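Chemist: What follows is each chain in one-letter form.
Number of protein chains: 2
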Amino acid sequence: MTNRFYDHIKQYVDLSPSDFDSVLNRFELKKSAKKEMLQTAEHHCNTLYFVLDGCLNMYFLTEKGTERTVQFAIEGWWLTDFLQFQKGGKTNFNIQAVTQTTVLAISRENYKALLEDYPIMERYFRKVYQIAYGASLVKMRYLYDLSKEEIYFHFTENFPEFAQRVPQKLIASFLGLTPEYVSEIRAKKRS
Amino acid sequence: MTNRFYDHIKQYVDLSPSDFDSVLNRFELKKSAKKEMLQTAEHHCNTLYFVLDGCLNMYFLTEKGTERTVQFAIEGWWLTDFLQFQKGGKTNFNIQAVTQTTVLAISRENYKALLEDYPIMERYFRKVYQIAYGASLVKMRYLYDLSKEEIYFHFTENFPEFAQRVPQKLIASFLGLTPEYVSEIRAKKRS
Numbered sequence: 006m007t008n009r010f011y012d013h014i015k016q017y018v019d020l021s022p023s024d025f026d027s028v029l030n031r032f033e034l035k036k037s038a039k040k041e042m043l044q045t046a047e048h049h050c051n052t053l054y055f056v057l058d059g060c061l062n063m064y065f066l067t068e069k070g071t072e073r074t075v076q077f078a079i080e081g082w083w084l085t086d087f088l089q090f091q092k093g094g095k096t097n098f099n100i101q102a103v104t105q106t107t108v109l110a111i112s113r114e115n116y117k118a119l120l121e122d123y124p125i126m127e128r129y130f131r132k133v134y135q136i137a138y139g140a141s142l143v144k145m146r147y148l149y150d151l152s153k154e155e156i157y158f159h160f161t162e163n164f165p166e167f168a169q170r171v172p173q174k175l176i177a178s179f180l181g182l183t184p185e186y187v188s189e190i191r192a193k194k195r196s
Numbered sequence: 006m007t008n009r010f011y012d013h014i015k016q017y018v019d020l021s022p023s024d025f026d027s028v029l030n031r032f033e034l035k036k037s038a039k040k041e042m043l044q045t046a047e048h049h050c051n052t053l054y055f056v057l058d059g060c061l062n063m064y065f066l067t068e069k070g071t072e073r074t075v076q077f078a079i080e081g082w083w084l085t086d087f088l089q090f091q092k093g094g095k096t097n098f099n100i101q102a103v104t105q106t107t108v109l110a111i112s113r114e115n116y117k118a119l120l121e122d123y124p125i126m127e128r129y130f131r132k133v134y135q136i137a138y139g140a141s142l143v144k145m146r147y148l149y150d151l152s153k154e155e156i157y158f159h160f161t162e163n164f165p166e167f168a169q170r171v172p173q174k175l176i177a178s179f180l181g182l183t184p185e186y187v188s189e190i191r192a193k194k195r196s
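Top line first, the protein sequences correspond to chains A and B.
Following my numbering, the numbering of the first sequence begins with 6 at its first residue and continues without gaps.
Following my numbering, the numbering of the second sequence begins with 6 at its first residue and continues without gaps.
No lab work stands behind these hints, which were simulated from the structure alone.
Careful: at least some of the hints might be erroneous.
Which copy is meant is left open, so a pair is good if it fits within one copy or across any two.
What the hints assert, rightly or not - Simulated crosslink set (DSS-like; lysine-lysine; CA at most 25 Å straight-line):
(1) Lys-15 <-> Lys-92
(2) Lys-132 <-> Lys-15
(3) Lys-35 <-> Lys-194
(4) Lys-132 <-> Lys-194
(5) Lys-132 <-> Lys-144
(6) Lys-92 <-> Lys-132
(7) Lys-194 <-> Lys-174
(8) Lys-193 <-> Lys-95
(9) Lys-39 <-> Lys-193
(10) Lys-35 <-> Lys-144
(11) Lys-39 <-> Lys-174
(12) Lys-15 <-> Lys-117
(13) Lys-36 <-> Lys-153
(14) Lys-95 <-> Lys-174
The structure displayed is predicted, hence computed values, not measured ones.
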């Protein structure tokens, strides 16, 4: 399954199979059961995850105690609290496995050493983050410009792989909608 | 004024003064008058900007023709449509100078060559984008968790340098509020 990681990297940079083996050595392969916590709020953020299979949900608890998703990650996506991972601070976000999930996990220390030893991985991550940041600005546009109903259908039509795999209530949370509202507009569309 | 760029880079990576001169050579120093357009929607996105002085506003036009800000940039910030800059596609965003603004501009070709010739700049941009992406996830949290009034005061208290320099109506647009609403809550706070 780690071949998926190699295929992903090769989409961005040219990395030899032997260098890939050395890169992979810095990671830990980890299987999480459904609902298992990978990161807990109020703790130091010291791990970056790459999803090989399954789905992770990064969320925070509102003052009222509701879980609100800020990002989820399926195969080929990176996830952590990137700001706190950079400086090793305490995070406000939880990361939980939505389904049974297999990840590659790398510690801050190993990440730093990896980038030191393999400058090609600086390029890889520069491209990954540049695209992720660019996509977040485009997301702002949809949040501002579309009605709640349009946001939901835009998302499910443009990201069918998420819509099929992620529970409706998490998609609702990610889009800033209530699960009840999503049920309502789905029923309206079917009728 | 280009010293500001060197100081910025030095916060992230170690770059010698002579290498900085070579890096700087790939950029064009450009002064824009207030309201001047630096990027126009429906055109190819081929330029990345670093603000030395002043302020840029990246916005799109809603279907109703209203300008909505997705990001602005003051000294020390990078701005472009990062997704389209990566692939040279057409952008949906406009970039306009809010005040008289001095930028360093780099073309896609020069950016690519710069990263080829100076791997240390891959590290620099990797860090810049990692932080920008991380901050965008934290912003999602505030957009979801806070009331509109709290969003406004959170922003102006945490980013006073923006609040002082950027017109109220742009801050309102960036935060997804109407200018009328911002006037109202400011008046309420003063009273």
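Chemist: Indicate, hint by hint, whether the structure satisfies it.
Modeler: Do the hints match the structure? See the list:
1. Lys-15 <-> Lys-92: between (28 Å within a copy, 17 Å between copies)
2. Lys-132 <-> Lys-15: Classified as both; 12 Å inside a copy, 21 Å across copies.
3. Lys-35 <-> Lys-194: Answer is neither: 40 Å inside a copy and 51 Å across each miss the 25 Å cutoff.
4. Lys-132 <-> Lys-194: neither (38 Å within a copy, 44 Å between copies)
5. Lys-132 <-> Lys-144: Both. Shortest intra-copy (18 Å) and inter-copy (22 Å) distances satisfy the 25 Å Cα cut-off.
6. Lys-92 <-> Lys-132: both (21 Å within a copy, 11 Å between copies)
7. Lys-194 <-> Lys-174: within (18 Å within a copy, 37 Å between copies)
8. Lys-193 <-> Lys-95: For Lys-193 and Lys-95, neither the intra-copy (43 Å) nor the inter-copy (35 Å) Cα distance is at most 25 Å.
9. Lys-39 <-> Lys-193: For Lys-39 and Lys-193, the Cα distance exceeds 25 Å both inside one copy (31 Å) and across copies (48 Å).
10. Lys-35 <-> Lys-144: neither (30 Å within a copy, 29 Å between copies)
11. Lys-39 <-> Lys-174: within (16 Å within a copy, 45 Å between copies)
12. Lys-15 <-> Lys-117: Classified as both: same-chain Cα gap 21 Å, cross-chain 18 Å, threshold 25 Å.
13. Lys-36 <-> Lys-153: neither (35 Å within a copy, 40 Å between copies)
14. Lys-95 <-> Lys-174: Neither. Shortest intra-copy (27 Å) and inter-copy (34 Å) distances fail the 25 Å Cα cut-off.
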